[in-house]
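Using the sequences and the hints, build the whole thing.
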Amino acid sequence: MNAVDPQANRVRGFLFEQLDIRGAWVQLGPAWREMTAGRNYSEPVLELLGQLAVVTTLIAANLKQAGRLTFQLRGEGTVSLLVMDCDEQLRLRGMARATQEAQAGSLPALLGEGALTLTLDAAGMRQPYQSHVPLQGETLAAVFEHYLEQSEQTPTRLWLAADHETAAGLFLQALPGAAQRDADGWNRLQILADTVRPDELRDLGAIKLIERLFPEEDVRVYDPRQVTYSCPYDPAKIYAMLRSVGRVECEAIIAEQGEIRVHDEICNHEYVLDAAAVAALFK
Numbered sequence: 001m002n003a004v005d006p007q008a009n010r011v012r013g014f015l016f017e018q019l020d021i022r023g024a025w026v027q028l029g030p031a032w033r034e035m036t037a038g039r040n041y042s043e044p045v046l047e048l049l050g051q052l053a054v055v056t057t058l059i060a061a062n063l064k065q066a067g068r069l070t071f072q073l074r075g076e077g078t079v080s081l082l083v084m085d086c087d088e089q090l091r092l093r094g095m096a097r098a099t100q101e102a103q104a105g106s107l108p109a110l111l112g113e114g115a116l117t118l119t120l121d122a123a124g125m126r127q128p129y130q131s132h133v134p135l136q137g138e139t140l141a142a143v144f145e146h147y148l149e150q151s152e153q154t155p156t157r158l159w160l161a162a163d164h165e166t167a168a169g170l171f172l173q174a175l176p177g178a179a180q181r182d183a184d185g186w187n188r189l190q191i192l193a194d195t196v197r198p199d200e201l202r203d204l205g206a207i208k209l210i211e212r213l214f215p216e217e218d219v220r221v222y223d224p225r226q227v228t229y230s231c232p233y234d235p236a237k238i239y240a241m242l243r244s245v246g247r248v249e250c251e252a253i254i255a256e257q258g259e260i261r262v263h264d265e266i267c268n269h270e271y272v273l274d275a276a277a278v279a280a281l282f283k
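Residue numbers for the sequence shown follow our numbering, so the first one is 1 and each next one is one higher.
Hints listed in this document are in silico derivations from the structure and should not be mistaken for laboratory results.
Among these hints, one or two may not hold up.
[Said to hold, decoys possible] What follows is a list of derived Cβ distance ranges for each label pair:
no., residue 1, residue 2, range
1, D264, Q89, 14 to 24 Å
2, H269, M125, 37 to 47 Å
3, D234, Q130, 16 to 26 Å
4, Q18, S106, 32 to 42 Å
5, Q150, V221, 24 to 34 Å
6, H132, G105, 23 to 33 Å
7, Q89, V221, 16 to 26 Å
8, R39, P215, 35 to 45 Å
9, H269, T117, 18 to 28 Å
10, A8, A276, 41 to 51 Å
11, T195, S106, 20 to 30 Å
12, A252, A142, 22 to 32 Å
13, S106, K283, 24 to 34 Å
[What the hints assert, rightly or not] Derived pair list, reagent style EDC-like, types lysine to aspartate or glutamate, alpha-carbon separation capped at 16 Å:
no., residue 1, residue 2
14, K64, E43
15, K237, E270
16, K64, E145
17, K208, D184
18, K237, E216
19, K208, D218
20, K237, D199
21, K64, E101
Quick reminder that beta carbons are idealized off the backbone N, C-alpha and C, glycines included.
Here it is, written out as C-alpha cells:
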C-alpha cells in the first residue's frame, strides 16, 4: 500500500468537475497523537474523538468566514461529553469525558440520549452563533450527515476512521444543480466510496485514494492545507478564573490544602499555585 507521510496533518479538497460534487480528505497524524497523549482513553472513546476531530477539521476548512468552530456532543451514557474546536488556521484541540466502562458499540449505546451543539465565533459577530440538535444516527458519520443535510440543504456523506496513530476521513457533498449535470452521479460516487476500508482512509493519501475509489471520474485536486494541534499553557486564563472566585475562597483553599490545583481538561494541563502565587494574584 502507498502510505502517506505518518508525520503529516493535512486536509485536501477536490472537485468532480463534470458532476458538481465536491469532496475533501483529512489525515491527522502527529496532531492527533499530541491531542490524546496521556489521556488513557479506551478504544471506543478514542475512535469517537478521532472521528470528531476529522469532521471538525473538514467543516472548519470549508467555513466562508474566519472564526472558531466548536462541536460538543453531550450524552447520558458511558461517554458523557466530546468536545472539539478548530479555528480558521486549522488549529485543533479537543477532549472526551467517559467512564472506564465505555465499551464498543453504536453511538446511542455509548452516549445514550444526547445532543449536538455547534458554536461558531466568527469575526464581525456580536455574539457567537449556537445551534442545538438531538443526536440522530447510529454512528458519528450518520449524525453529521443528518446535521449537514439539514443545515446546508444538500446531500452529504462521510466516511471516518481513527485509531491510536491516525484519524482520517472522506467527505462528499452534492452542490446545487448536481442532479441536472448527471442524474446518476451522486449515487454512483456513493456506491464507489462505500467500498473504502478504514485502513485505506488512514494510510492512503488523497491522490491515491481518489485513484482507487474513482478511477473513471474527472477530479480536480486542490493544494493541501496543514492542520496543527494547538493547546498551549495559558496561565492568564487560570488567574482570571481564580480572581473571579475571590480572595477569601482562594485563601481558604490554601489554608486547607497548602496549594491550589487547577486542571485544564480540554488541554490536559495542570496549574499549581502556592500561597505566594495566590497572594500575588490579589495585590
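Quiz item: Looking back at the hints listed earlier, which ones does the structure fail to meet?
Solution: Hints 2, 12, 13, 14, 16, 17, 18, 20 and 21 not satisfied by this model.
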